Amino acid sequence: MVRTRLAGPMAARTPLYGRHIAAGARMVEFAGFDMPLQYSTIRDEHLAVRNRVGLFDLSHMGEVRLAGPTAEASVQRLIANDIARVGAGGAQYAVMCDDAGGIVDDVVVYRDEDSFMVVVNAACRDKDLAWMRSHVATGTDVEDVSDSTALLAVQGPYAIALVERLSTVQASTIPSFHCLFADVAGMTARVSRTGYTGEDGLELYVRDDVAPALWDALVAAGSAVQLRPCGLGARDTLRLEAGLRLYGQDMDEGVDPFSCGLGWTVKLQKGDFIGAGALRRIDPTHPPHRFTGLRVAGRAIARHGHSVRSGDTVVGAVTSGTYSFTLDRSIATASLSPDVAAGAPLSIDIRGTAAEAEMVSLPFYRRPKGA
Amino acid sequence: MPDLSAYRFTASHEWVRLDGGDARIGITDFAQAQLGDVIFVELPEVGAALDAGAKFGSIESVKAASDLYAPVGGTVAEVNAALADKPELVNSDPYGDGWMIRVEGAGPASPELLDEAAYAKVTGV
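Residue numbers (my numbering), protein chains in the order written: chain A, 1 to 371; chain B, 1001 to 1125.
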């Protein structure tokens, strides 16, 4: 059977560690942090986010501030997306590429009045910081503010109303991928209309020392709508249903953005940036790999690295797979040879048993309109 | 916690409850908690012959897939059909409704099987 990887003695803790332990969370080490995997069951937490509201501690994520007279030029050099399209208070999803066009990390960039905040994956924090520091222009300060920044995500159909109960801010008026600074339960927060679940919701960035009080206020106010604290288990099942990529699993430095379905974030016309030369040589309609969703027959779960076959030929591998609690079926994403025809019948080798798989477009789940 | 005095355990976290030559088999509460949300339980055909210690199926949760090993040998007389639609019974009632197979013609419990106290030392719970 299975052994949970318990956090090692060097694992870092978020400011909400005590809250997780008090709530009886099952803890696991993730990216060097001792994080909650689940508080109740993954199914329960997953469905709470789809139907009501869930609360996540994402304080392990890294936040890097870029400031100075050349900060915008530096951001433009670091990311393949075009931050010039975003005004102050706006946010943008982007990839940072290396010179070969491989993905260093996927990030969210916030444009503030006179600086930028780049949110990076926890596991990539040290690598990204070194990368940024060695590639920004003279006149850009790179400051790692991860340790002083906590991040709480409130996600689900009741998320907006819940935060509005604790704040004077009309969160419902914040457009998607925008943020503003406001008091929430008396604490100054960056209130961002973003998330990683496929539901409407907010991400609240606060100073680390006030995070427990904000957590408590959200839990107390959320009890009327059966808010659930949610762990990394539900975070993964939710993001995969929503067709969102996970760095290190769906992509890494060996994968270019076109090959993992992120070509829409590449803006070659914006001018030069790191990796632009390599990305220009890729035909966006025929990249080295085809990234696709798969509906998998049966209940067994296809997992990262499982082979995908067309007939007897291996044509690719599963990048992520899980059981979809919303659709009640096994789902996966895969990286395939570009020569595989759309709609070709495929099978996945799940520990020696072949499971039929059907290519489908992403996302698997889209929230109902108006929800 | 149910009364487990009639249960014996393996170090790989299966349980067996022997009643004469009749043995009911499942996985322990510790095992289901480690696995988390169970999605799928693959069980043998009725009539299959099992050797003690042999793989009799597999269990899959959101987190991981694992093989299941028979605590005793015998012939599979019954499988828990309810698990096909409700595999989460393994989580909610591992020693009761979440049982997996019933084996007939089981030999006596091997001395290698653990009683409740010895199994508790394995799990450290």
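Keep in mind that a hint or two might mislead.
[As the list claims (entries may be wrong)] Just a few of them, taken from the derived set where beta-carbon distance is under 8 Å, the chain B residues facing chain A:
| no. | residue |
| --- | --- |
| 1 | Asp1037 |
| 2 | Ile1039 |
| 3 | Phe1040 |
[What the hints assert, rightly or not] Pairs of lysine to aspartate or glutamate, EDC-like flavour, derived with a Cα cap of 20 Å:
| no. | chain 1 | residue 1 | chain 2 | residue 2 |
| --- | --- | --- | --- | --- |
| 4 | B | Lys1086 | A | Asp328 |
| 5 | A | Lys127 | A | Asp216 |
| 6 | A | Lys267 | A | Asp283 |
| 7 | B | Lys1055 | B | Asp1022 |
| 8 | B | Lys1086 | A | Asp283 |
| 9 | A | Lys369 | A | Glu253 |
Worth flagging that the hints you see were computed from the coordinates, not collected in a lab. Everything numeric in this text was worked out from a predicted model, so none of it was measured. We put the CB at the ideal spot given by N, CA and C, even for glycine.
Results of checking the hints against the structure:
At its closest, the beta carbon of Asp1037 of chain B sits 5 Å from a beta carbon of chain A; the interface hint therefore holds under the 8 Å criterion. Because the smallest distance between the Cβ of Ile1039 of chain B and any Cβ of chain A comes to about 4 Å, under 8 Å, the interface hint for this residue holds. The interface hint given for Phe1040 of chain B is met, as the beta carbon of that residue sits about 4 Å from the closest beta carbon of chain A, less than 8 Å. Restraint check: the Cα-Cα separation between Lys1086 of chain B and Asp328 of chain A comes to about 12 Å, which is no more than 20 Å; the hinted pair holds.
A C-alpha spacing of about 33 Å is found between Lys127 of chain A and Asp216 of chain A, which places the hinted pair above 20 Å, so the restraint is violated. A C-alpha spacing of about 14 Å is found between Lys267 of chain A and Asp283 of chain A, which places the hinted pair at or below 20 Å, so the restraint holds. A threshold of 20 Å between alpha carbons decides the hint, and for Lys1055 of chain B with Asp1022 of chain B the separation of about 19 Å falls inside it, so the pair holds. Restraint check: the Cα-Cα separation between Lys1086 of chain B and Asp283 of chain A comes to about 47 Å, which exceeds 20 Å; the hinted pair is violated.
The hinted pair formed by Lys369 of chain A and Glu253 of chain A fails the criterion: a straight-line CA distance of about 36 Å is larger than 20 Å.
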